[in-house]
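Chains A and P, in that order, are what the protein sequence lines are. Read in order, the letters of the first sequence correspond to residues 1 to 460 in UniProt numbering. Read in order, the letters of the second sequence correspond to residues 1 to 583 in UniProt numbering.
Some hints here could point you the wrong way.
[As the list claims (entries may be wrong)] DSS-like, lysine-lysine: derived pairs with alpha carbons at most 27 Å apart: (1) Lys383/P <-> Lys97/P; (2) Lys263/A <-> Lys153/P; (3) Lys63/A <-> Lys123/A; (4) Lys295/P <-> Lys263/A; (5) Lys295/A <-> Lys306/P; (6) Lys7/P <-> Lys184/P; (7) Lys483/P <-> Lys267/A; (8) Lys58/A <-> Lys115/A; (9) Lys306/P <-> Lys249/A; (10) Lys115/A <-> Lys53/A; (11) Lys337/P <-> Lys295/A; (12) Lys380/A <-> Lys88/P; (13) Lys153/P <-> Lys267/A; (14) Lys123/A <-> Lys53/A; (15) Lys349/A <-> Lys7/P; (16) Lys294/A <-> Lys107/P; (17) Lys433/A <-> Lys176/P; (18) Lys208/P <-> Lys176/P; (19) Lys47/P <-> Lys380/A; (20) Lys64/P <-> Lys380/A; (21) Lys107/P <-> Lys263/A; (22) Lys483/P <-> Lys435/P; (23) Lys306/P <-> Lys433/A; (24) Lys504/P <-> Lys483/P; (25) Lys217/P <-> Lys267/A; (26) Lys263/A <-> Lys329/P; (27) Lys184/P <-> Lys380/A; (28) Lys123/A <-> Lys113/A; (29) Lys383/P <-> Lys349/A; (30) Lys106/A <-> Lys63/A; (31) Lys316/P <-> Lys294/A; (32) Lys145/P <-> Lys263/A; (33) Lys316/P <-> Lys295/P; (34) Lys306/P <-> Lys263/A; (35) Lys217/P <-> Lys294/A; (36) Lys383/P <-> Lys263/A; (37) Lys153/P <-> Lys249/A; (38) Lys380/A <-> Lys337/P; (39) Lys433/A <-> Lys88/P.
If you're looking for bench data, these hints aren't it; they were derived computationally from the structure.
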Amino acid sequence: MIIEAELRSTKRWELTAEGEEIAREGSHEARVFRSIPPEGLAQSELMRLPSGKVGFSKAMSNKWIRVDKSAADGPRVFRVVDSVEDEVQRRLQLVQGGQAEKLGEKERSELRKRKLLTEVTLKTYWVSKGSAFSTSISKQETELSPEMISSGSWRDRPFKPYNFLAHGVLPDSGHLHPLLKVRTQFRQIFLEMGFTEMPTDNFIESSFWNFDALFQPQQHPARDQHDTFFLRDPAEALQLPMDYVHRVKRTHSQGGYGSQGYKYNWKLEEARKNLLRTHTTSASARALYRLAQKKPFTPAKYFSIDRVFRNETLDATHLAEFHQIEGVVADHGLTLGHLMGVLREFFTKLGITQLRFKPAYNPYTEPSMEVFSYHQGLRKWVEVGNSGIFRPEMLLPMGLPENVSVIAWGLSLERPTMIKYGINNIRELVGHKVNLQMVYDSPLCRLDAEPGPPRTQGTA
Amino acid sequence: MPTVSVKRDLLFRALGRTYTDEEFDELCFEFGLELDEITSEKEIISKEQGNEKAEGASDVVLYKIDVPANRYDLLCLEGLVRGLQVFKERIKAPVYKRVTPNGEIQKLIITEETARIRPYAVAAVLRNIKFTKDRYDSFIELQEKLHQNICRKRALVAIGTHDLDTLSGPFTYTAKRPSDIKFKPLNKTKEYTACELMNIYKTDNHLKHYLHIIENKPLFPVIYDSNGVVLSMPPIINGNHSKITVNTRNVFIECTGTDFTKAKIVLDVIVTMFSEYCENPFMVEAAEVVFPNGKSYIFPELAYRKEIVRADLINKKVGIRETPENIAKLLTRMHLKSEVIGDGNQIEIEIPPTRADVIHACDIVEDAAIAYGYNNIQMALPKTYTIANQFPLNKLTELLRYDMAAAGFTEALTFALCSQEDIADKLGLDISATKAVHISNPKTAEFQVARTTLLPGLLKTIAANRKMPLPLKLFEISDIVVKDSSRDVGARNYRHLCAVYYNKNPGFEIIHGLLDRIMQLLNVPPGEKKGGYVIKASEASWENTCRALLVKCFCSRCCFLPREMRRDLGQGSKHREARGPSS
Chain A
1 MIIEAELRST
11 KRWELTAEGE
21 EIAREGSHEA
31 RVFRSIPPEG
41 LAQSELMRLP
51 SGKVGFSKAM
61 SNKWIRVDKS
71 AADGPRVFRV
81 VDSVEDEVQR
91 RLQLVQGGQA
101 EKLGEKERSE
111 LRKRKLLTEV
121 TLKTYWVSKG
131 SAFSTSISKQ
141 ETELSPEMIS
151 SGSWRDRPFK
161 PYNFLAHGVL
171 PDSGHLHPLL
181 KVRTQFRQIF
191 LEMGFTEMPT
201 DNFIESSFWN
211 FDALFQPQQH
221 PARDQHDTFF
231 LRDPAEALQL
241 PMDYVHRVKR
251 THSQGGYGSQ
261 GYKYNWKLEE
271 ARKNLLRTHT
281 TSASARALYR
291 LAQKKPFTPA
301 KYFSIDRVFR
311 NETLDATHLA
321 EFHQIEGVVA
331 DHGLTLGHLM
341 GVLREFFTKL
351 GITQLRFKPA
361 YNPYTEPSME
371 VFSYHQGLRK
381 WVEVGNSGIF
391 RPEMLLPMGL
401 PENVSVIAWG
411 LSLERPTMIK
421 YGINNIRELV
431 GHKVNLQMVY
441 DSPLCRLDAE
451 PGPPRTQGTA
Chain P
1 MPTVSVKRDL
11 LFRALGRTYT
21 DEEFDELCFE
31 FGLELDEITS
41 EKEIISKEQG
51 NEKAEGASDV
61 VLYKIDVPAN
71 RYDLLCLEGL
81 VRGLQVFKER
91 IKAPVYKRVT
101 PNGEIQKLII
111 TEETARIRPY
121 AVAAVLRNIK
131 FTKDRYDSFI
141 ELQEKLHQNI
151 CRKRALVAIG
161 THDLDTLSGP
171 FTYTAKRPSD
181 IKFKPLNKTK
191 EYTACELMNI
201 YKTDNHLKHY
211 LHIIENKPLF
221 PVIYDSNGVV
231 LSMPPIINGN
241 HSKITVNTRN
251 VFIECTGTDF
261 TKAKIVLDVI
271 VTMFSEYCEN
281 PFMVEAAEVV
291 FPNGKSYIFP
301 ELAYRKEIVR
311 ADLINKKVGI
321 RETPENIAKL
331 LTRMHLKSEV
341 IGDGNQIEIE
351 IPPTRADVIH
361 ACDIVEDAAI
371 AYGYNNIQMA
381 LPKTYTIANQ
391 FPLNKLTELL
401 RYDMAAAGFT
411 EALTFALCSQ
421 EDIADKLGLD
431 ISATKAVHIS
441 NPKTAEFQVA
451 RTTLLPGLLK
461 TIAANRKMPL
471 PLKLFEISDI
481 VVKDSSRDVG
491 ARNYRHLCAV
501 YYNKNPGFEI
511 IHGLLDRIMQ
521 LLNVPPGEKK
531 GGYVIKASEA
541 SWENTCRALL
551 VKCFCSRCCF
561 LPREMRRDLG
571 QGSKHREARG
581 PSS
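Only chain A is shown next, with the shape it has when bound in the complex (with noise of 0.2 Å):
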């Protein structure tokens, strides 16, 4: 320390330029108040004076005055006391004076609303002699050069210490999307699970894989034009299994496979009709379908993650297009016990440990369980998931076994991701808008490590 500064500081209050004048000629209230004669003042020419607008109201909420507008040139002004006490005037007088304590705080600082009064803060530095205080200059060297250690000059040389608080220069990179991190770690937990990728690149899906296949009835509110995309072109898909779309239609219409069935009209227009996929599910439709070709029957594990499509209305948690995550068991004799021991499995790799099970209801899966987590932030039980049995009127058709079970579960991406990133407008996210600086900063995925306190720079 060469020298050492000790700030002062003063604070003092002055009347502004339009302050000055009132002190000098009294407030334009005042000065509004002066100017109407015993007779009154047409308000439009009162307007017109300098103080016209600001005194009118001041004085009219003071109750110096009053206006007549039923007069018969227009409204009219009146005195209603005879004489005024101008306080804003005294009161600058007394600033002026040096005599600003003399006011109480709630004066000072109405006359300060004013524009009156500010308040001047003077700062002042005491200069004193630091502990290192020296008369010659001696610069401090930041960086050791080879030439320093040839010479063997850095043994004399004064060295500045590194700033520790200041941030250090980032470096340029690329950068990979938050939710698409999230998904690959995911896509990880499934491939270390024994899982198989389906393949979901067909956002275009016809009814009758996307609603039909499930057993999901035709008049089935998700079918409806307020929850699903259709198409205007392609309208229809043309090609459909059709001794497999018979055994659906028998299924839906008329029952079979120890069903009742739904007992309505099946109309295969109504399947024909393409959509936006509401659900991978469609595309696990599909897969085991494949699956039931195979003969003989191969137990197998699936998954997908990919984009799904609602025609609802959006808010900041919901937009038309999300991620589901899906995963899919067949084989013989699948108990519920065996979903909820996969969901144990599947969610500890999350770092969910607290699970619980809650009876629901969706059209193609029976039994069906939601999965319940225990939030710490939030101290309640949140939804993290949804899953079921696949009914057999969805599997029999497809010529799967009968003694074989097919387990499955579904979430979305978005959901755990917002949580895991602590965003609350999915827009933040997803889209265009996606805020570019979130995405620079967002930290490494990992979803089984304990979520620490947001550490913040420098105070490492």
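We have chain A; now place chain P onto it with these hints.
Coordinates of chain P only, in the frame set by chain A:
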């Protein structure tokens, strides 16, 4: 999922005990319901319309309970209470009976004119019912819930309930020209023709949603009594003459619709829920419906069906080991009266008319599991041995994403749906040239088509991030969609890679270099002769195909500070054309 709101104290009185909110939440969870919200009428009004409007509204505590979409028997207080009481083994499930009246049976005759608009009708009578204000409100509310759910907003089924004592049967269900239908509708003091009513209800916030069901049809459905009194003009409005009140003692119920099965279910639900308040509880008076072909049927059906399921099947599907007797007990708690029969492993299950959702043994399995308690089931891991495989296209995508980021580019994630303008006009293309698939029912222009290129999304991402320091280097690897008549649905996805470099200087060599790097990663040599890649100029893009990927690279030199994407891109393509392929 439908939500039923019930008064908490009324619910607890009916359940014969009180619960804390947590206890009741727990009970709901176990039974497959969800206590969604605890509120009051006052709170609801104050939330929707502000505190002032809420003043004076009731602050009786309301429970809003989410009910599974297929459980029509739980859509009112009566059903919820019955379900929970049976579940908790506090009462036995009631037996619903259809009785023929001593006097004349009520008759509803369907004429053939209804065939083209709303062909089915069913009916029943609740005799000597005793309403209170709460019961009456619940009765009306149940009809509304049924209308919104199973009735598909009245399109499949519409319910009409009438004070039988004001009417005189037999009733006729027919269809007439709207101008020939004239009556005083519910809560109006004047008579109107059907045409007038359709106009009046266009501005009615509740009824306007149902007009489309019959609008523009030559004939409207209508039900008359023997004196020509209009009971209702389904699915829009009832007549005022037969309006029910708290004091109504005899209720005539008609359900008309386009789905016979659902009409029967709806009628069964209403009468099973509210026959509780009849002089002879759970007894429902039959009505006869004569169809146009002369055949006559008696309703409500109130059919009990028997299913036989083996106990070991239930154990095997759930993953538990319970005795057949215990399983029968579990099912009985779910309103499915069951007993062990035959060889001691078979369970005979009686499915009551309230449980139309039970259509297969798997539905019975679920009920056994619910009564057993999902969270009491022992978890197990399946022994399914499989080798995992990645979908090859996704595997390549993942590898490329990492190397794109390693090359200093940042990944964007843009929408697959967009406006026609985005993929055509703004790129200087005609929409017909894009082979885009078109959405028939978009709510806004943002969802007119599926994208045929990733470029608009990336440019919009840049436009939304203009405050970010330059350069911006963005990429996306994702699917686009085009029509393709060789596919079963007539369209297919292609996986695209798109990258944009955005800076104050053009820097074509940077995007060119990225392309070279991608080719290097994909092991594709430069030069046509070697079977590798070449870059050619095209109208809006440089394109070339390589193995499984269609690679598109764009130089956005002309997009310097794009105030309006279209203008800039328009200039861009001209600029490039002028320079020709030498760039």
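Right, here's what the structure says about each hint:
1. Lys383/P <-> Lys97/P: Given that 27 Å is the threshold and the Cα spacing comes to 49 Å, the pair is violated.
2. Lys263/A <-> Lys153/P: 20 Å, holds
3. Lys63/A <-> Lys123/A: Status violated; Cα separation ~43 Å.
4. Lys295/P <-> Lys263/A: At roughly 20 Å apart (the allowed maximum being 27 Å), Lys263/A and Lys295/P satisfy the hint.
5. Lys295/A <-> Lys306/P: Not OK: Lys295/A and Lys306/P at ~36 Å, beyond 27 Å, violated.
6. Lys7/P <-> Lys184/P: 34 Å, violated
7. Lys483/P <-> Lys267/A: 25 Å, holds
8. Lys58/A <-> Lys115/A: Judged against 27 Å, a Cα distance of about 15 Å means the pair holds.
9. Lys306/P <-> Lys249/A: 25 Å, holds
10. Lys115/A <-> Lys53/A: With a Cα-Cα distance of about 16 Å, the restraint between Lys115/A and Lys53/A holds, given a limit of 27 Å.
11. Lys337/P <-> Lys295/A: 41 Å, violated
12. Lys380/A <-> Lys88/P: Given pair Lys380/A, Lys88/P holds - Cα atoms ~25 Å apart, limit 27 Å.
13. Lys153/P <-> Lys267/A: 21 Å, holds
14. Lys123/A <-> Lys53/A: 38 Å, violated
15. Lys349/A <-> Lys7/P: 42 Å, violated
16. Lys294/A <-> Lys107/P: 57 Å, violated
17. Lys433/A <-> Lys176/P: Answer violated: Lys433/A to Lys176/P is near 55 Å, above 27 Å.
18. Lys208/P <-> Lys176/P: Cα-Cα ~21 Å, so holds.
19. Lys47/P <-> Lys380/A: 23 Å, holds
20. Lys64/P <-> Lys380/A: Measuring from Cα to Cα gives roughly 18 Å; hence the hint holds.
21. Lys107/P <-> Lys263/A: 26 Å, holds
22. Lys483/P <-> Lys435/P: 6 Å, holds
23. Lys306/P <-> Lys433/A: 58 Å, violated
24. Lys504/P <-> Lys483/P: Not OK: Lys504/P and Lys483/P at ~38 Å, beyond 27 Å, violated.
25. Lys217/P <-> Lys267/A: 22 Å, holds
26. Lys263/A <-> Lys329/P: Violated - the C-alpha atoms of Lys329/P and Lys263/A are around 30 Å apart, more than 27 Å.
27. Lys184/P <-> Lys380/A: The hint is violated at about 53 Å.
28. Lys123/A <-> Lys113/A: 24 Å, holds
29. Lys383/P <-> Lys349/A: Given that 27 Å is the threshold and the Cα spacing comes to 19 Å, the pair holds.
30. Lys106/A <-> Lys63/A: Between Lys106/A and Lys63/A the Cα gap is close to 21 Å, so the pair holds against 27 Å.
31. Lys316/P <-> Lys294/A: Holds - the C-alpha atoms of Lys294/A and Lys316/P are around 25 Å apart, at most 27 Å.
32. Lys145/P <-> Lys263/A: The given pair, whose Cα atoms are some 22 Å apart, holds under the 27 Å limit.
33. Lys316/P <-> Lys295/P: 46 Å, violated
34. Lys306/P <-> Lys263/A: Holds, at roughly 18 Å.
35. Lys217/P <-> Lys294/A: 50 Å, violated
36. Lys383/P <-> Lys263/A: Status violated; Cα separation ~38 Å.
37. Lys153/P <-> Lys249/A: 25 Å, holds
38. Lys380/A <-> Lys337/P: Roughly 36 Å separates the two Cα atoms, so the pair is violated.
39. Lys433/A <-> Lys88/P: 52 Å, violated
Hints 1, 3, 5, 6, 11, 14, 15, 16, 17, 23, 24, 26, 27, 33, 35, 36, 38 and 39 from the earlier list are contradicted by this structure; the remaining hints agree with it.
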